[in-house]
Amino acid sequence: GAVVSQHPSWVICKSGTSVKIECRSLDFQATTMFWYRQFPKQSLMLMATSNEGSKATYEQGVEKDKFLINHASLTLSTLTVTSAHPEDSSFYICSARNRDTGTYEQYFGPGTRLTVT
Amino acid sequence: KNEVEQSPQNLTAQEGEFITINCSYSVGISALHWLQQHPGGGIVSLFMLSSGKKKHGRLIATINIQEKHSSLHITASHPRDSAVYICAVSPPGNQFYFGTGTSLTVIP
Chain R
1 GAVVSQHPSW
11 VICKSGTSVK
21 IECRSLDFQA
31 TTMFWYRQFP
41 KQSLMLMATS
51 NEGSKATYEQ
61 GVEKDKFLIN
71 HASLTLSTLT
81 VTSAHPEDSS
91 FYICSARNRD
101 TGTYEQYFGP
111 GTRLTVT
Chain V
118 KNEVEQSPQN
128 LTAQEGEFIT
138 INCSYSVGIS
148 ALHWLQQHPG
158 GGIVSLFMLS
168 SGKKKHGRLI
178 ATINIQEKHS
188 SLHITASHPR
198 DSAVYICAVS
208 PPGNQFYFGT
218 GTSLTVIP
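Protein chains in written order, with my numbering: chain R, 1 to 117; chain V, 118 to 225.
It is possible that some hints are incorrect.
[What the hints assert, rightly or not] Label pairs and their calculated CB-CB ranges: (1) R/R99 - V/S188: 29 to 35 Å; (2) V/V161 - R/Q29: 20 to 26 Å; (3) R/F39 - V/G174: 29 to 35 Å; (4) R/Q29 - V/K172: 28 to 34 Å.
[To be verified] Here are some chain V residues pointing at chain R (derived, C-beta under 10 Å): (5) N119; (6) G157; (7) G159; (8) I160; (9) M165; (10) Q212; (11) F215; (12) G216; (13) T217; (14) S220.
Worth flagging that the hints you see were computed from the coordinates, not collected in a lab.
Backbone N, C-alpha and C define an ideal beta-carbon position, used for all residues, glycine too.
Please build the complete structure, drawing on both the sequences and the hints.
Written as structure tokens, this is what we have:
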């Protein structure tokens, strides 16, 4: 089945530093990838939609200069949290849509837990 | 108002019990998804359906498009089924609406 990986699975960083999270589709090509964040005991919140070769589309309220998204290839999207602050601590999840199936199914990555100290 | 409502929010069951989780939605959709999130966070897609019923092992998902309602059933529940179950709908396009999840605990 379709597999999406994320790296790292968890990261602790100091306030003010930047952190990059990778999302890879391992056995399919994904023209569209999605980035979500999830706070404890809350549902997933869509942050942005990433299309290969073009700029990401950010949801209202998400700072595009703070959360940099790059979808450089059909199998890789990256999310960089710049100048991280403790309030950015969260669980970040990516998902990918298979280009070839043409369905509305999304395959989810295992998530990255970010803790900013 | 949430586009997707799930019930119950929390559910505790004895091992072996039949479990039902309900999902109602208010938007037109192309598909409805049931997701499972284990402690630790990773999400697994259980079902994607746009009509009727699907079965996978002890899990059954049904959807009634006219009533905008879906149910997830677990037969012969087991402690390893303990997780958060999330209903999500996808209208035409990229948007995904998530329910707040149902936290299931199955006690041995």
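Tested hints:
no., hint, result
1, R/R99 - V/S188: 29 to 35 Å, "31 Å, holds"
2, V/V161 - R/Q29: 20 to 26 Å, "21 Å, holds"
3, R/F39 - V/G174: 29 to 35 Å, "31 Å, holds"
4, R/Q29 - V/K172: 28 to 34 Å, "30 Å, holds"
5, N119, "9 Å, holds"
6, G157, "8 Å, holds"
7, G159, "4 Å, holds"
8, I160, "4 Å, holds"
9, M165, "5 Å, holds"
10, Q212, "7 Å, holds"
11, F215, "4 Å, holds"
12, G216, "7 Å, holds"
13, T217, "5 Å, holds"
14, S220, "8 Å, holds"
Hint compliance for this structure: no hint is broken.
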